[in-house]
Amino acid sequence: MDSESTGSVSHWIEGLRAGDSAACQELWDRYFSRLVKIADDRLHRMSQEADGEDVALSALKSVMVGLGEGRFPHLSDRENLWPLLVTLTARKSIDQVRRQQADRRAASRTVSLDELRAALGDEPSPEFAAEFADELERLVLKFDEPVLRLIAQRKLEGFTNEEIAQEASCSKRSVIRKLNRIRQEWEEDEPVSDEQAP
Amino acid sequence: MSKRHDSSPSVSPPLEVTRQIDGLADQFERSIAAGKSPELRRFLHQVEPTWAPVLLRELVAIAREKLADPLAYAEQAADWEREG
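Listed in order, the protein sequences are those of chains A and B. Each residue of the first sequence is one higher than the one before, starting from 72 at the first, in this note's numbering. Each residue of the second sequence is one higher than the one before, starting from 11 at the first, in this note's numbering.
Hints in this document: simulated from the structure, not taken from any laboratory. Heads up, the beta-carbon is just placed ideally off N, CA and C, and yes, glycines get one too. Be careful, since some hints might not be right.
[Stated by the list, open to error] Simulated restraints, written as ranges between beta carbons of each label pair:
no.: 1; chain 1: B; residue 1: 45; chain 2: A; residue 2: 224; range: 29 to 35 Å
no.: 2; chain 1: B; residue 1: 24; chain 2: A; residue 2: 215; range: 15 to 21 Å
no.: 3; chain 1: A; residue 1: 142; chain 2: B; residue 2: 52; range: 24 to 30 Å
no.: 4; chain 1: B; residue 1: 37; chain 2: A; residue 2: 238; range: 16 to 22 Å
[Claimed, not checked] Covered stretches of chain B (chain A as the covering partner; in silico rule of three or more C-beta atoms under 8 Å from a C-beta of chain A):
no.: 5; region: 20–28
no.: 6; region: 32–46
no.: 7; region: 61–73
Can you make the complete structure from the sequences, with help from the hints?
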């Protein structure tokens, strides 16, 4: 991982901007299964019928098409890419559940215009936004070391490694190393399942 | 993708080792910023030989950054001194 794969992702992002299909494949191989897991986890809390693969596919497609069309001009490496993919996956999970609910309502009775607008809203619900923010806060606060909290927080806020290094009074290399560590800590952060919860 | 020519292991270290490498790299950086010349071997001997190349890569990268911008490191050293 670390600098070599960070460079690879930056390279793929540039490839996607240039319409390179091989870059699409690389991005797919790297992120699809992880996004399916996130989408499945999110969807299963809201609906038994929704499909995480559809959501992950849609999120990846949005980024691929968006880059090809010149959107996300500030997207440069995997530090920016992963939060973007997670956010899109979360939003699309909600959209899918809303669509299912809207379909069910349409099948059972006539849907009013207001209900349709509510069902098709394109923003996450306040409850989900709050839950998402809580989860991010929990992940940041899990670190006892203040420097890890600072680096995680600032990265999520969109600061560059250089800006973070200045604030943390350390080298850029240390910021990169600590971001890799943070990523590994989070990957191994197993949420307590419903069965395990007291 | 470019071919690697170093002897770094192809898998990532386990989390415990990642934490250890992170801590040692921090010590190395502080030592360098304080104007000392830390011995690489002293640090490398503290990790399992399998992971020494991973630590070495970190230490070399830190040292390179220091050489590229010595003034920035002088400022960091002053910050750390103030923090005690």
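Here's how the hints hold up against the structure:
The hinted window of 29 to 35 Å between residue 45 (chain B) and residue 224 (chain A) holds, with their beta carbons roughly 31 Å apart. Range check, residue 24 (chain B) to residue 215 (chain A): about 19 Å between beta-carbon atoms, so the 15 to 21 Å window is met. A hinted range of 24 to 30 Å for the beta carbons of residue 142 (chain A) and residue 52 (chain B) is inconsistent with their spacing of about 50 Å. The hint said 16 to 22 Å for the Cβ distance between residue 37 (chain B) and residue 238 (chain A), and at roughly 21 Å that hint holds.
Under a criterion of three residues with beta carbons nearer than 8 Å to beta carbons of chain A, the stated coverage of the region 20–28 of chain B is upheld, 3 such residues being counted. Look at the region 32–46 of chain B against chain A: 4 of its residues bring a Cβ nearer than 8 Å to a Cβ of that chain, three or more, so the hint holds. Remark: the region 61–73 of chain B is confirmed as covered by chain A, as 3 of its residues place a Cβ nearer than 8 Å to a Cβ of that chain, reaching the required three.
Hint violations for this structure: number 3 only, all remaining hints satisfied.
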